[in-house]
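Peer 1: Residue numbers (this note's numbering), protein chains in the order written: chain B, 1 to 138; chain D, 1 to 70; chain W, 1 to 643.
None of these hints come from the bench; they were simulated from the model.
Remember, predicted model here, so these are calculated numbers, not experimental data.
Some clues are possibly wrong.
Simulated restraints, written as ranges between beta carbons of each label pair [what the hints assert, rightly or not]:
id: 1; chain 1: B; residue 1: V136; chain 2: W; residue 2: G249; range: 39 to 45 Å
id: 2; chain 1: D; residue 1: Y25; chain 2: W; residue 2: L429; range: 27 to 33 Å
id: 3; chain 1: D; residue 1: Y25; chain 2: W; residue 2: L362; range: 40 to 46 Å
id: 4; chain 1: B; residue 1: A51; chain 2: W; residue 2: E210; range: 50 to 56 Å
id: 5; chain 1: W; residue 1: S120; chain 2: B; residue 2: A134; range: 49 to 55 Å
id: 6; chain 1: W; residue 1: P222; chain 2: B; residue 2: A64; range: 51 to 57 Å
The beta carbon of each residue, even a glycine, is placed where N, CA and C say it ideally should be.
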Amino acid sequence: MKHITKLLWIMLFAFAGSASAAADLEVNTPAIAAVKASMQARHNSLSTYYASGAVGLTRDGNVAVRDASLVPLAARQSVNGLVADENRDRAALYREIARANGHPEWEAEVRSTFAQRWIDKAASGWWVQNAGGAWVKK
Amino acid sequence: MQKRLVGTLVAIGLITTGCVTINIYFPAAAAEKAADKIIDEVWQLKPEAKPDAKSGKPANPAAENKGEVK
Amino acid sequence: MGAYAQELQLRVDDIVAPTFSLRGIVARLTLATPATLEISIDQAKFQAQEWRKLTLHCPQARIENDEIACRQGVLDSGEKIALSFHYWPKKQQLELLLQPASGERWQAQLHWRKDKMTASLDVKQGKIMRLNGWLPAQDIRFSQGVVDLSGKLDWDKAALSRFDVSATLGNVAFSDAAGTRASEKLGATLRLQGGRADAWRWNASADWREGEVYWQPFYFAPGTRSLSAQGWLTEQQAIVDQAQLVWNGIGTARFNGVWDRAAGRIDQLQLSGNGLALDGAYRTFLLPIAPAGMLRNLRLSGTADANVNLKQGQVNEASLAIHQGAVQQDEKQLSINGINANLAWQQNQARDNRISVSGGKLGKLEIGPFKVKASVAADRMALDPLRIPILDGALSVDAVEARREAEGWKWTLSAAVQPISMLRLSQALQLPTMHGTLSAIIPQVRYAQQSLQVDGALLFKVFDGTVVVKDLAASDLFGPTPHVYGNIDMRNLDLDLLTQTFSFGSMQGRLDVTVSDLELFGWKPVRFDAKVASSAGDYPRKISQRAVENITALGGGGGAAAIQRSFLRFFEQFGYKRIGLSCRLSRGVCEMGGIAEAPSGYVIVQGGGIPALTVIGYNRRVDWDELLARIQRATQGGKPIVK
């Protein structure tokens with residue numbers, strides 16, 4: 001056979017693909033990353049209001065305006081906007097984590113896990129809701 | 001080796017009815033760990049060097065591979 | 001009075017007038033020059049206000065048969081206030097002057113006879129906080145500000161019958177406890193007049209000159225606004241005959257209406273405004289009530305004429321005419337220009353709506369002029385077919401229908417893309433130059449609760465082959481996590497055109513690509529099951545040395561060196577039998593495969609002809625982002641680009 005066959009053995013794709021560890025919840029999806037980035041960008045604005053006590057962390061994993069009078073008048077509307085957008089992102093975060101792990105029905109449990117951890121990790125001086133829904137200062 | 005908290009709750013054992021079993025599959029510990037990681041990132045609690053996966057890699061990937069001709 | 005008496009203690013009868021009363025009055029008079037007077041009052045009442053244990057010390061007093069006067073007195077009601085009064089018991093007249101602080105004067109003249117009373121008020125630099133106790137039982141309180149006020153009020157049988165009050169407010173701050181209704185540095189002039197026969201006839205005017213107000217959810221920045229209104233007030237209704245609101249930055253609105261006092265709702269309201277500035281109206285009134293994340297960061301221009309009619313607390317009819325409107329959203333790179341519209345809505349009746357748009361931009365894509373005609377009712381909407389020109393083709397949309405159901409609005413439509421040249425489209429989108437056409441027939445699109453479902457297929461004719469996108473769907477479309485799903489089927493793509501377009505190194509042949517279970521987030525793939533394989537049929541199959549180098553470079557390189565070391569370097573191109581590659585993407589990792597299995601690997605290029613070259617891949621798990629970076633480097637001229 002005039003057929004010259006030369007095989008070119010190439011170590012294709014020789015670099016390792018990152019395997020996911022099964023012990024953890026999957027939180028590295030593009031959707032979760034996008035929501036996280038959006039929340040991270042908003043945090044600079046919100047942290048001022050957490051520190052002043054204008055905005056607090058609720059027991060259901062959201063944030064809420066606690067005392068608008070601590071915010072200059074002209075900024076009160078934008079605080080409402082920040083809070084609404086943050087809660088929308090948080091809802092998306094809980095939903096996407098549940099989804100990424102193949103259990104959309106876990107959303108409520110993810111939310112309550114987060115609710116507790118946001119509050120536990122809140123800086124001292126921030127306001128959080130206790131189990132009864134009353135505002136307490138950390 | 002997914003850690004799953006499997007709890008079995010035998011709740012009501014009434015005389016006439018049988019028992020109810022509730023299986024809890026939610027991985028609470030893993031969820032807490034994931035929440036902590038995300039909260040740290042969103043609130044920037046632990047400043048960590050963030051290597052950019054794309055620009056941080058060596059420009060010439062050939063260095064890490066072998067070519068072979070038979 | 002006895003001439004020897006140095007000190008007299010008097011019990012004065014309770015003073016009871018239609019609106020106020022003073023009880024338990026004890027006066028102690030010391031006769032000297034001048035006389036001094038001490039008065040203590042157990043209880044003083046003015047309408048709903050009540051004070052207990054007041055004492056008044058008058059160093060200069062005068063007590064005569066029909067006149068009691070006190071000059072430079074001090075009233076102690078907890079706070080010490082300079083007070084002077086003149087009381088004529090027979091004339092039933094009282095003049096009262098309070099000077100709580102220097103420059104601050106609260107003066108009242110009261111005159112009563114039988115069941116009528118007249119009061120004249122004059123306030124200069126009055127601290128407005130003193131009115132806190134008089135406010136209606138809401139939790140709004142003043143914390144700063146001064147008021148100048150003059151007024152005349154008449155009472156008849158303990159009820160107010162006429163008033164004319166003018167007031168100028170300066171630097172006023174008020175707030176409720178939660179801070180949801182508050183003002184700062186508010187400056188305004190008010191005039192309120194009214195008279196009662198069977199019903200109250202009133203008119204009011206207010207000029208807001210300076211300062212800001214937050215009234216959740218609305219914020220009114222410092223600016224000028226004025227309101228004038230007149231009407232009637234009865235037990236059941238508050239009626240506005242006519243009113244005019246001039247809002248600097250938006251325009252002038254006129255309204256009239258009836259407020260049902262018992263039901264606590266608007267019985268009827270007719271509001272109209274012409275030439276209203278759209279941008280100001282959006283910022284002040286629309287943005288604060290927009291749902292989270294929606295309608296943010298818009299820039300509007302143009303004007304509108306608006307008419308709204310409310311009946312029994314509900315909008316009965318509304319119309320809006322937009323003149324030369326434009327909308328711009330920078331983040332989404334969206335702009336729509338030259339909007340002229342006549343919009344109308346009516347309860348229980350469908351109304352015609354017309355919108356014409358002169359053009360716009362969606363990202364980098366320009367769209368041409370189009371017109372929309374729609375029939376709109378309270379619970380349904382239907383659009384006439386419309387055609388939006390895009391480059392040399394168009395998007396034509398037919399049978400748009402929306403229905404309001406329990407869980408929200410449900411939209412359905414059918415559409416078609418009339419052929420758009422890929423050459424112009426790729427140029428417009430700044431993509432590598434492509435040839436062919438894009439066209440699509442979409443029998444039905446359904447949209448409800450943020451989810452979009454496309455029945456039918458989008459058809460692209462590119463690279464001399466066909467691309468069919470099926471089962472297209474999207475969730476959370478306008479939310480923070482928009483996902484897009486679909487299946488893509490590409491047939492008979494010309495590899496020569498494809499590799500030229502993406503400067504990959506020349507290849508000849510035909511390719512089929514199937515992408516199933518595709519999920520995109522932010523237009524980036526998250527999950528798919530893709531297979532690329534040579535199409536069936538008879539056609540020239542050639543692969544250039546550079547293309548081989550690029551294919552191997554995707555896997556980490558080394559191929560180029562391998563070729564250069566062998567005799568293969570003398571060949572510009574090679575023949576092949578089949579090319580194929582598969583990638584199953586999940587969690588950022590691509591599970592790779594080829595057209596056939598090889599010992600501990602898979603075949604990507606199966607050689608054929610002379611010389612034949614076979615490329616075998618060994619790594620089955622590849623990081624997707626890394627693979628993308630390598631493809632990008634390969635298509636940027638075959639040389640690794642150092643960033």
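Peer 1: Can you name, in rising order, the numbers of the hints this structure does not satisfy?
Peer 2: Hints 2, 4 and 6 not satisfied by this model.
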